[in-house]
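A.B. asks: So the chains spell out like this:
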Amino acid sequence: MNIENTKAQMRKGVLEYCILSVLRDNDAYVAEILDTLKDAKLLVVEGTIYPLLTRLKNAGLLNYRWEESTGGPPRKYYGLTDTGKDFLKELTHTWDELQTAVAIVTTQKNKNHE
Amino acid sequence: MNKTVNINLAGIFFHIDEDAFTKLQHYLEAIKRSLTNTQGREEIIADIEARIAELFSEKTKTDRQVISIREVEEVIAIMGQPEDYMLDEEIFEDEPSYTRSKVTGKQLFRDTDHSYVGGVSSGLGHYLGIQSIWVRLLWIILTLASSGAFILIYIALWIFVPEAKTTADKLSMRGEAVNISNIERKIREGFDDVSGKVRSVDYEKYGNQARTGASSAAKGFGSGILLLLNIFVKLIGILIILIAGATLIGLFIALFTVGTFGIIDAPWTDYIEMAGIGAPLWAISLLTFFAVGIPFFFLFILGLKILVRKLKSIGTPAKLVLLGLWLLSIIGLAVLGVKQATQRAFEGEVVITEVLPITPQDTLFLAMKYNPDYSSGAYKTDLKLKFDEEDNKIMYSTDVRLVVKSTKDSTGRIEIIKTADGSDYKDAKQRAENIRYATSFLGNELFLNSYFTANLNDHYRDQEVRVVVYLPEGSTLYPDENIASFHRSSDYYGNILNYDQEGNYLKIAENSVFCESCPQTESDTWDEDSWDNEDEFDGTIDFEGGDSTDNVKIRINGKGININKDETNKIRISRDGVEIQNN
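Residue numbers (my numbering), protein chains in the order written: chain B, 1 to 114; chain E, 115 to 697.
Honestly, the hints are just simulated from the structure, not real lab data.
Owing to the predicted nature of the structure, the values given are computational and were not obtained by experimental measurement.
Quick reminder that beta carbons are idealized off the backbone N, C-alpha and C, glycines included.
Hints are not guaranteed to be accurate.
[Stated by the list, open to error] In the DSSO-like style, the derived pairs of lysine-lysine whose C-alpha atoms are separated by at most 30 Å in a straight line are:
#1 E/K146 / B/K38
#2 B/K57 / E/K419
#3 E/K419 / B/K41
#4 E/K684 / E/K667
#5 E/K348 / B/K76
#6 E/K684 / E/K673
#7 B/K12 / E/K419
#8 E/K173 / E/K117
#9 B/K12 / B/K76
#10 E/K498 / E/K483
#11 E/K279 / E/K175
#12 B/K57 / E/K146
#13 B/K38 / E/K175
#14 E/K146 / E/K500
#15 B/K7 / E/K146
#16 E/K540 / E/K500
#17 E/K146 / B/K76
[Said to hold, decoys possible] One-sided excerpt, in silico: chain B residues whose CB lies under 10 Å from chain E:
#18 L53
#19 K57
#20 P73
Modelling step: build the complete structure from the supplied sequences, incorporating the hints.
C.D. replies: Following this line, the structure appears as structure tokens:
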């Protein structure tokens, strides 16, 4: 097992959830999503997100609209579809469960060690 | 001073240094390659280009500013290496198949860094884990052994196996895992400029590092099984390639020798010529080549796809063209087949009757007349092509059937019945008439030709000749031994001549022959009626006894033992087994 590998996989595993969460309240274009994720240190490089967005869009969780921008190319504004919202709710639920579960397991482990 | 080029990135205009442009171009190409198996690739690329354009726009203060290699490098640092664009499928797929691509990440690439011709051999060497010199040696041997045909496989591999361009490709080629950690290290080491010379020192060092890592990771039982499975799949791929490749090569050779130049005089070329299909030989060869070759070509590609994950597609237009070509060939062959079938829809018959001056007192000697020029023919029904005395191409066959019949007339006669197929009755009859067949009668000897001939432009339409010899009852027939194979299957036509009676004087009776000089032969089957025909059984032990109510007969001879009571209860022991009949 490679520690870097595991770390990267952990990060990637929650990436889908995080992208959907960023878009929960308002639509955003790629750079905004990226900024949020980079601020949270969830993303090192931007490359990973493009295939992921396309995949989420193809799965019907996201849709987008074009918006003109000043000084740059037109921007793709992504937003959640109804399916995406349901999906996000489901994920949030799972995430909460998982968080609790992980918390229980890790603290128990600590107790055993003490 | 630098030369600049103008580019349009996502609809935005940029001046860019030439070296920066090259770098950017290679970067985008590398991304495209790493997204080979990803859905919506074009869209992703468009998104990435838009993002790069956005980043460039942020970095340029004025319209006149030129993008230099520094800006490109900064953008690449932000965007990440091509490998970062690859999604780890196993994380997102419903059924995770962990380590499948990790453990045996070896892929077939062409190693152009160590190439003599196209880098195929060294690539195969990496793939198979042997030194490329052996692969090269094998190529040479196979090429010589197959008289050059293996070159075609080499060329096919050259075309379809991608070149190892990026470092990731080169790692995959050597079987080093391209994983996130390697990529992170790689980001630190910097991106190889693929247009320039490969930094072989870095590459070797990096390759060796990764190799030790990979080999230690590969230890473990589970990965071993996966490895075996993978090898099995690859073996199937190799098998498919070999089968399809060999077939294609065979077809190629067949097309260029038989089909076009007629170098090899194969039997089927004669057949096709005689069949008169209505299309030249080369066209039929070409149709057959496409009809058979195209599916095998796709099979070949399939085999390669199993071996090479990042195989370049031959492209939809090419696929459609091939599919269309294949359908056309099939339709063409079907049309020719139907045409050929209609050519044989009707059967025509011509009967020529000749008087045979044989009276009931006469003896007829009957023999086949062989002509060494027209006698070869392993199968009777085959028509063969041949040049006659005037060097015309003609067809001949030994499909001559002899039938002997009795007649109540005072003299005998011969009927020569010629049959052939045709598209209508008239056509068939005309063709039957065109069959040349001769008999000769001299003294009291009748000679039948063992063959008949026909013109090539009559084509092969099941031409047959049947000779029926009518002999008056009471006359004597002496069939020569050489007629044996010509009346073997004539019983359907009422032939009265039995097998193995050749070379004997035979008396013609009503619908039968009576052998005067045949050695007494036992009949093959033990006839029920023979019991009462005492004359037929010599040298047997018979016992008859019983009282007024029981009538028992016992016979013992070479055939077995037969016990018979009251003609209804029987026990028979013979070489066929034991038979008990109880009524």
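A.B. asks: Now, for every hint given, state plainly whether the structure supports it.
C.D. replies: Now for the hints, and whether the structure bears them out:
1. E/K146 / B/K38: holds, 24 Å
2. B/K57 / E/K419: holds, 28 Å
3. E/K419 / B/K41: This hinted pair is violated, its Cα atoms lying about 39 Å apart.
4. E/K684 / E/K667: OK: E/K684 and E/K667 at ~10 Å, within 30 Å.
5. E/K348 / B/K76: Outside the cut-off at roughly 42 Å; violated.
6. E/K684 / E/K673: holds, 15 Å
7. B/K12 / E/K419: Satisfied, since the Cα-Cα distance of roughly 29 Å is no more than 30 Å.
8. E/K173 / E/K117: holds, 20 Å
9. B/K12 / B/K76: Holds, because 23 Å separates the two Cα atoms, which is no more than 30 Å.
10. E/K498 / E/K483: holds, 18 Å
11. E/K279 / E/K175: violated, 35 Å
12. B/K57 / E/K146: holds, 19 Å
13. B/K38 / E/K175: holds, 25 Å
14. E/K146 / E/K500: violated, 63 Å
15. B/K7 / E/K146: The hint holds at about 26 Å.
16. E/K540 / E/K500: Judged against 30 Å, a Cα distance of about 27 Å means the pair holds.
17. E/K146 / B/K76: Measuring from Cα to Cα gives roughly 21 Å; hence the hint holds.
18. L53: Status holds, d = 7 Å.
19. K57: Hint holds; B/K57 Cβ to chain E Cβ min 8 Å, cut 10 Å.
20. P73: holds, 4 Å
Violated hints for the displayed structure, listed by number in ascending order: 3, 5, 11, 14.
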